[in-house]
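Participant: Given chain D, work out where chain X should sit, using these hints.
Protein chains: 2
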Amino acid sequence: MASKREQPGNLQSARMSVRLLDATLRDGGLVNDFRFTDDFAKALYTANLASGVDYMEFGYKASRSLFPAEKFGKWKFCSESDIRAVVGDNDTDMKISVMSDVGRVNLESEVVPKSDSAIDMYRVACYVRQVPSAIEMIEYCHKLGYETSCNLMAISKNQESDLKQALDEVGRSPVDVIYIVDSFGALYPEEIRRICDMYLEVGDKYGKEIGIHAHNNQQLAFANTIDSCAKGVNYLDATVSGMGRGAGNCYLEAMLGFLKNPKYKIKPMMKFVREQMPSVIKSGAKWGYDVPYLLTGLYNMHPSSAIEFIKSNRTDYENFIDELLDID
Amino acid sequence: MASKREQPGNLQSARMSVRLLDATLRDGGLVNDFRFTDDFAKALYTANLASGVDYMEFGYKASRSLFPAEKFGKWKFCSESDIRAVVGDNDTDMKISVMSDVGRVNLESEVVPKSDSAIDMYRVACYVRQVPSAIEMIEYCHKLGYETSCNLMAISKNQESDLKQALDEVGRSPVDVIYIVDSFGALYPEEIRRICDMYLEVGDKYGKEIGIHAHNNQQLAFANTIDSCAKGVNYLDATVSGMGRGAGNCYLEAMLGFLKNPKYKIKPMMKFVREQMPSVIKSGAKWGYDVPYLLTGLYNMHPSSAIEFIKSNRTDYENFIDELLDID
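Residue numbers (my numbering), protein chains in the order written: chain D, 330 to 657; chain X, 330 to 657.
It is worth saying that the hints were derived from the structure and are not from the lab. Honestly, I wouldn't trust all of these hints.
Which copy is meant is left open, because identical chains are indistinguishable; a pair holds if it fits in one copy or across any two.
Taking lysine-lysine and the DSS-like style, the derived pairs with C-alpha atoms no more than 27 Å apart in a straight line are [to be verified]:
#, residue 1, residue 2
1, Lys486, Lys640
2, Lys615, Lys534
3, Lys371, Lys600
4, Lys596, Lys424
5, Lys594, Lys493
6, Lys424, Lys592
7, Lys486, Lys443
Since we're looking at a predicted model, the values are computed, not measured.
The following block holds chain D by itself, in its conformation from the complex (with noise of 0.2 Å):
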């Protein structure tokens, strides 16, 4: 059967349906506990306004009574009234979203209806076991008036058909957006657009936009989520200089340069990642391609072990690889 969304342009195509989501506040949170600067924050809108992103996740929404607060940044929580020092009324085309992980963020206390917010849309981050609990959360956000995504995390690790019946299930909720995660950096591009093809023709049966948020274990990220485009897939994660657990995430610069839709401008983002980013890397982040990173998405693995690897100081990939075929 002919998908609507088969061919849906070509590299010099300009795709007007086609959603950029700066995912750096969120993802790049990770691997500084969300302790960016206020100032860091405001100039990642004043920039992402004016490089044409659609979509800018300012970090978790995650219940204070769960995690300590002395732990974290602002972004991990992300109170309405953090998010309005930032963007006041948003009075742009720009959306602003959240993340919530399943069973991490107590909705009823946390959660206010669109009208009073300054969030357009939340994401809920679930496991394929987890996606009757993901559909709940989706249906109250939704009922509150948000715009809402499903990302369903570590697919690699799933079974074809488990995965089918849960994109059914997620099909069938008022879902608006369903994300293609890889999250180990572990799928190859001939993968991923098998992949696109099946999320593809869940999205054309229910009516659904897919997305994709890749990670960059085998230098991947950027090759995986613009073969996405090319396929049909609209939403689309990065983040600054790939900044992300592990070896980060899509470049948001990449991306900026490789869209063709001319409100998508690269200069606003260079001016960005010269004025903001050497300060984020000398706090103390890291993040990037790294062997061990290559070794965890080789193996399909999540890419803890190899966080702690590098932690320690080790470079004794042999043994790490006896040890990560050891432990699967």
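Facilitator: Then chain X, alone, in the frame of chain D:
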């Protein structure tokens, strides 16, 4: 017309026709003027052998009369005695290659018959306009008994019709392998797959193998290499840790992890990375992804201006964009 090379395998296949070429001493030599220690070269030879690498490129075959010997390490010239000092009789399955640029080597005085040489393959690098000269060199080396390749550089700058004519000329020569070279790291996977089709058609017509040499300006070197491999391109270039000019190359470690033929082993290369690469980096050799390389890749330009920009410790990326777009 269905090509005999369509669907040559999938991600699970071990394709026996694949040849992995390590170009560390050659492309990596461009960032340290070929000043590798003897220990490094020997350890690399050992690591390549143990990893199942098919070809090891030792460097350039350039004439000492054209390049001052004191300005370069030995692998700019690749004398037989220097190669022999590393490989002895090279009584192994791994082949030895060198690269020669059109006009930079005096073949008559520098190239001995294959029976007297440690070298198995001459790779002739040229621009499309130099193809007639390259073919002369290829014919000369072929007559002396060597395998040959033609590495057509900077094809992202060529008109497609010129490139097609050049490919046809090269196809009619005795060359064994025709290489796709993305010198500027400008090509996206979607384009690379299209270019693969063009080269493979010529390869099928004339009975030539096709190769790929990718650069990492947009972090697409690995993606472009494995996508080419999936298309039926058999000769795959890579370097240890991507060492190479500017943003560098496709990572050999990533290729060893990706390829499914059990003869390829990642562990010996991990040992080499651990033992040898820190001292190369410490000696001042610099390569790898950086914003200016992203920009020259994006705008399809030679990385020389980016190398200069970085050397000058400049970070005024916005001005750099203006300069790039001005001089094109």
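Participant: Does each hint hold? Answer for all of them.
Facilitator: The hints, checked one at a time:
In this assembly of identical chains, the alpha carbons of lysine 486 and lysine 640 lie at most 27 Å apart only when taken from the same copy (25 Å versus 44 Å across copies). In this homomeric assembly, lysine 615 and lysine 534 never come within 27 Å of each other (Cα to Cα): the closest approach is 41 Å inside a single copy and 50 Å across copies. Within a single copy, lysine 371 and lysine 600 get their C-alpha atoms as close as 14 Å, which meets the 27 Å cut-off; across copies the closest is 45 Å, which misses it. Taking CA atoms no more than 27 Å apart as the test, lysine 596 paired with lysine 424 passes inside one copy only; the shortest distance there is 21 Å, against 46 Å between copies.
Taking the closest pair of Cα atoms, lysine 594 and lysine 493 never come within 27 Å of each other, the shortest separation being 37 Å inside a single copy and 34 Å across copies. For a Cα distance limit of 27 Å, the shortest separation of lysine 424 from lysine 592 inside one copy, 15 Å, qualifies, whereas the shortest one across copies, 51 Å, does not. For the identical chains of this complex, lysine 486 and lysine 443 are neighbours neither inside a copy (35 Å) nor across copies (51 Å), given an alpha-carbon limit of 27 Å.
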